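Number of protein chains: 2
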Amino acid sequence: MRKKALIATLLFLPVWASPRATDLSVEKWGIFELTMKGPGTGNPFAGIDLSARFTDGERTFEPDGFYDGDGLFKIRFMPDREGSWSYKTISNRKELDGKEGNFTCTPPSPGNHGPVRVRNRFHFEYQDGTPYFPFGTTIYEWVFQSGETRRQTLETLKSSPFNKARFLLVPPYKEKYLSGPLKLDKFPFVGSSTDDFDFSRFNIEYFRHFEQCLQQILELGIEADVILFRPYDGEKWGFDRMDAETNDRFTRYAVARLAAYRNVWWSMANENSFMRYLTEKDWDRLFQIVEEKDPYGHMLSIHNADLIYDYTKPWVTHVSFQYYNAVRAFGAAAMVREIYRKPVIHDEINYEGNIASRWGQLSGEEMVFRFWLAFIGGTYATHGEAFVDPSDIDWISEGGVLHGESPPRIAFLRKIVESGPQAGLEPIDYHYTRNIAGKAGSYYLFYFGKEKGGNWNFELPARELEEGMKFRAELIDTWNMTITPLRETFEVEKSNRYLFTDKKKQSVQLPEKPFMAMRITRID
Amino acid sequence: MRKKALIATLLFLPVWASPRATDLSVEKWGIFELTMKGPGTGNPFAGIDLSARFTDGERTFEPDGFYDGDGLFKIRFMPDREGSWSYKTISNRKELDGKEGNFTCTPPSPGNHGPVRVRNRFHFEYQDGTPYFPFGTTIYEWVFQSGETRRQTLETLKSSPFNKARFLLVPPYKEKYLSGPLKLDKFPFVGSSTDDFDFSRFNIEYFRHFEQCLQQILELGIEADVILFRPYDGEKWGFDRMDAETNDRFTRYAVARLAAYRNVWWSMANENSFMRYLTEKDWDRLFQIVEEKDPYGHMLSIHNADLIYDYTKPWVTHVSFQYYNAVRAFGAAAMVREIYRKPVIHDEINYEGNIASRWGQLSGEEMVFRFWLAFIGGTYATHGEAFVDPSDIDWISEGGVLHGESPPRIAFLRKIVESGPQAGLEPIDYHYTRNIAGKAGSYYLFYFGKEKGGNWNFELPARELEEGMKFRAELIDTWNMTITPLRETFEVEKSNRYLFTDKKKQSVQLPEKPFMAMRITRID
Chain A
1 MRKKALIATL LFLPVWASPR ATDLSVEKWG IFELTMKGPG TGNPFAGIDL SARFTDGERT
61 FEPDGFYDGD GLFKIRFMPD REGSWSYKTI SNRKELDGKE GNFTCTPPSP GNHGPVRVRN
121 RFHFEYQDGT PYFPFGTTIY EWVFQSGETR RQTLETLKSS PFNKARFLLV PPYKEKYLSG
181 PLKLDKFPFV GSSTDDFDFS RFNIEYFRHF EQCLQQILEL GIEADVILFR PYDGEKWGFD
241 RMDAETNDRF TRYAVARLAA YRNVWWSMAN ENSFMRYLTE KDWDRLFQIV EEKDPYGHML
301 SIHNADLIYD YTKPWVTHVS FQYYNAVRAF GAAAMVREIY RKPVIHDEIN YEGNIASRWG
361 QLSGEEMVFR FWLAFIGGTY ATHGEAFVDP SDIDWISEGG VLHGESPPRI AFLRKIVESG
421 PQAGLEPIDY HYTRNIAGKA GSYYLFYFGK EKGGNWNFEL PARELEEGMK FRAELIDTWN
481 MTITPLRETF EVEKSNRYLF TDKKKQSVQL PEKPFMAMRI TRID
Chain B
1 MRKKALIATL LFLPVWASPR ATDLSVEKWG IFELTMKGPG TGNPFAGIDL SARFTDGERT
61 FEPDGFYDGD GLFKIRFMPD REGSWSYKTI SNRKELDGKE GNFTCTPPSP GNHGPVRVRN
121 RFHFEYQDGT PYFPFGTTIY EWVFQSGETR RQTLETLKSS PFNKARFLLV PPYKEKYLSG
181 PLKLDKFPFV GSSTDDFDFS RFNIEYFRHF EQCLQQILEL GIEADVILFR PYDGEKWGFD
241 RMDAETNDRF TRYAVARLAA YRNVWWSMAN ENSFMRYLTE KDWDRLFQIV EEKDPYGHML
301 SIHNADLIYD YTKPWVTHVS FQYYNAVRAF GAAAMVREIY RKPVIHDEIN YEGNIASRWG
361 QLSGEEMVFR FWLAFIGGTY ATHGEAFVDP SDIDWISEGG VLHGESPPRI AFLRKIVESG
421 PQAGLEPIDY HYTRNIAGKA GSYYLFYFGK EKGGNWNFEL PARELEEGMK FRAELIDTWN
481 MTITPLRETF EVEKSNRYLF TDKKKQSVQL PEKPFMAMRI TRID
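Chains A and B supply the protein sequences, listed in that same order. Here the first sequence is numbered in our numbering, starting from 1 and rising by one per residue. Here the second sequence is numbered in our numbering, starting from 1 and rising by one per residue.
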């Protein structure tokens with residue numbers, strides 16, 4: 001039933017008559033879908049232009065349509081304002097051109113906050129204004145797994161701290177996908193793993209399955225960081241070295257089918273520079289196709305490998321970064337966001353695990369440490385884990401269940417972040433003091449990282465402070481997940497031009513263990 | 001005499017006749033200067049276009065000329081190839097147009113290696129192929145000081161480790177430059193500190209004085225990072241808020257006068273974003289003027305303040321960075337160069353000193369530590385110092401003498417760098433092991449920073465290694481400036497896919513003090 005509310009399908013079949021179903025309604029940021037019978041002969045994926053102009057009288061959106069098999073063409077639209085909308089199709093084929101109609105956009109259902117966009121330069125919000133703090137995870141191949149594994153993945157996600165998931169639109173080449181229980185029977189293109197693919201025709205069933213997964217993720221309130229291209233082809237299937245025309249058509253088709261899902265983020269590629277057949281100009285062009293064809297301006301980025309894509313380019317909405325050292329020492333994460341002046345998500349910071357490859361050997365402590373460093377730098381991080389598992393199922397690849405120690409601590413961090421400044425954690429005085437984030441004057445989160453013990457003097461950077469302001473403090477054990485309010489309160493006075501200190505010069509004895517933090521909140 | 005060899009002046013006076021002095025010669029990368037009588041009425045700084053085409057038969061350079069007072073116009077040219085050159089002037093004024101001549105370019109004198117350019121993407125070399133490893137210092141206002149202070153500055157530089165100096169083309173507003181012994185009598189523009197400036201006319205004497213200083217620096221073998229604009233105006237003189245036409249003319253005039261000095265680097269501004277009257281588009285335009293007008297492609301960058309200029313832009317040759325945290329922790333410096341894919345010079349990393357402002361409070365140890373972090377990250381750093389001095393003379397501002405403890409240690413580092421890989425120190429395996437730079441397979445510089453003591457296992461990243469290779473090791477005390485060869489030699493064997501270790505599993509006991517390094521060199 002829930003799905004029905006989200007996707008309203010308007011089917012014109014077999015012959016266009018007068019606009020029907022004008023009472024059809026769809027919720028705000030749901031999907032309105034128009035279906036039309038069109039030319040079924042030849043190659044309907046090529047040479048047929050189709051779009052529709054949707055307007056609420058003030059603004060106009062023009063999503064592309066797409067061929068959905070059986071002679072049917074569809075156009076999907078995500079209305080972003082309640083009330084009456086009308087549309088009219090545009091096509092170079094008579095039977096698809098000039099179709100008109102209306103529908104009503106109803107209030108969003110609970111939990112539907114719309115798509116995510118940038119807020120306050122370095123942060124995010126849903127379109128309804130609700131802050132969105134990404135706590136992502138990585139499940140690259142989950143959509144290609146058995147129904148059972150997929151169900152398990154969704155179950156795991158449901159009780160996890162993760163509200164963003166990165167996964168591939170195109171399967172990677174792996175032996176296990178060629179035969180046995182995981183043999184893939186569907187690919188983005190018509191053909192099979194043993195035949196040649198027909199890159200001019202898309203496999204409808206493949207995309208429908210992907211959309212079903214996308215919808216399941218959406219229903220869990222999780223943003224989907226959909227990865228359009230990937231290098232992992234082992235020189236086999238050719239998905240990493242299709243010609244420009246095919247790449248462009250694939251990109252347009254993906255956008256036409258998926259853009260109306262409000263939880264979609266576009267990740268142009270995973271480890272893009274490992275796709276040696278594509279140049280930076282190719283990536284620019286593919287970015288621009290998405291930018292032009294996506295009517296809603298979904299989040300749009302690319303995940304780098306050895307050559308860092310130029311994230312300053314105007315079509316990049318945020319930095320989807322793979323650079324471990326950006327979250328291994330204080331001060332680096334904030335620098336990245338300042339260089340790009342965009343939100344930064346450290347989308348690969350190595351994985352918690354114990355596999356032979358060192359990118360999958362983080363301890364839980366180190367994973368959580370890196371998460372904290374990301375947040376203290378005013379940026380965001382994405383989780384992944386890779387444990388040697390007898391079933392050969394890795395969370396980062398297949399999904400399934402989580403084995404690591406970091407997820408509960410990431411959930412703990414998420415609670416702290418979400419109950420903190422709604423504008424997002426901002427690094428404070430970070431060119432000198434690198435371990436404070438919050439909101440100057442009212443909220444300070446100090447993170448002590450791997451340092452143990454010591455006496456911490458109550459001392460705050462001067463900005464936004466006035467003498468006499470009072471604060472309370474809580475000692476946070478980020479690993480053991482405890483928050484201990486201190487009995488003392490603190491009243492600040494100016495110590496020098498840079499610092500305010502407690503009037504009574506009170507200090508706090510930190511326990512002899514790492515990963516402690518201090519939360520200072522203004523009370524008066 | 002030395003100067004004469006560097007600048008060959010060809011004077012056409014008072015009337016153009018036939019080309020004279022065809023036997024005139026100038027050394028390679030010296031300055032050929034052509035002087036012509038031109039219109040002296042009206043404002044000769046405006047409305048007169050003048051340039052000359054210089055060619056050696058293969059390539060052509062077209063530097064702009066400039067008005068040099070007394071009705072004289074000059075064109076300066078820096079030939080970069082030995083042999084015969086000819087030229088012909090181009091002007092919208094008849095008396096300056098179509099003048100032709102020849103001269104001979106002779107071999108460069110000792111110590112003249114030509115201008116600096118980028119080498120190996122992240123490093124530098126002189127145009128004759130000699131590697132150039134910048135070890136810069138900062139003497140912003142030295143050209144505006146008394147002759148005695150300037151002589152002292154030059155003396156200090158002569159015995160310092162510094163081979164690059166950053167200084168201002170435009171004086172900052174300071175009370176002491178208004179009256180008393182340091183009262184400035186010359187400004188870039190006609191006028192004085194108490195009158196209004198005539199921004200349409202340049203002060204010839206001012207520029208000649210600046211050129212003299214530039215020449216003195218050149219004769220010491222020091223690159224001059226000439227800063228064209230600066231924010232430090234206290235709302236007084238107006239040099240930070242001239243209109244676009246004036247800024248453009250000033251930039252063109254500076255390039256016309258100074259580009260033929262081989263040691264010039266262009267720094268568009270110091271702390272550019274503090275110049276609130278200029279937008280990023282303004283900076284782009286000014287950059288493009290320099291790029292277009294400088295025939296030699298001198299090094300060209302800008303020094304950022306709170307908003308980091310987009311150093312990915314094509315006209316930026318290298319990153320002139322002010323971001324202290326980039327050199328306070330392992331791993332950050334290498335990230336900066338990877339983001340920009342250009343050489344990075346950390347041109348402001350705080351200053352060694354004891355002044356009230358915390359940007360001038362580094363200990364000598366911390367300054368040297370930051371230098372090492374820059375170099376271990378495959379980047380470069382610039383020194384500065386600011387000590388409270390009874391004479392009110394600060395090295396970073398006025399020059400004079402050095403008081404700090406870092407310069408000898410920077411000299412020590414320079415010797416290590418210059419005797420290391422000539423292609424420049426490259427970080428090795430830095431995404432995992434952040435403290436090694438050198439050349440994989442033959443040279444490894446490990447830096448232990450603030451860590452003290454411990455047992456260091458002989459362990460090298462696998463790249464370029466083969467079993468049986470032999471190495472020697474030297475323990476370096478970067479603070480006490482000692483290099484102690486270890487008696488052991490080490491033969492490597494493969495330990496795992498990432499590491500080679502010593503066959504005998506030898507380790508090295510590090511002393512219980514910080515700032516140690518280890519140099520590992522292949523012997524067999």
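Keep in mind that the hints are not guaranteed to be accurate.
Because identical chains cannot be distinguished in the list, a pair is counted as satisfied if it fits within a single copy or across any two copies.
The calculated DSS-like cross-link candidates involving lysine-lysine, where the alpha carbons are at most 30 angstroms apart (straight line), are [claimed, not checked]:
id	residue 1	residue 2
1	K450	K94
2	K186	K174
3	K494	K174
4	K470	K176
5	K450	K513
6	K452	K415
7	K99	K452
No wet-lab data here; the hints were simulated from the structure. Since the structure is predicted, the reported quantities are computational estimates derived from the model, not experimental observations.
Hints, one by one, checked against the model:
no. : hint         : result
1   : K450 to K94  : neither (68 angstroms within a copy, 74 angstroms between copies)
2   : K186 to K174 : within (14 angstroms within a copy, 73 angstroms between copies)
3   : K494 to K174 : between (63 angstroms within a copy, 29 angstroms between copies)
4   : K470 to K176 : neither (61 angstroms within a copy, 43 angstroms between copies)
5   : K450 to K513 : both (8 angstroms within a copy, 20 angstroms between copies)
6   : K452 to K415 : within (24 angstroms within a copy, 38 angstroms between copies)
7   : K99 to K452  : neither (69 angstroms within a copy, 76 angstroms between copies)
The earlier numbered hints that this structure contradicts are 1, 4 and 7.
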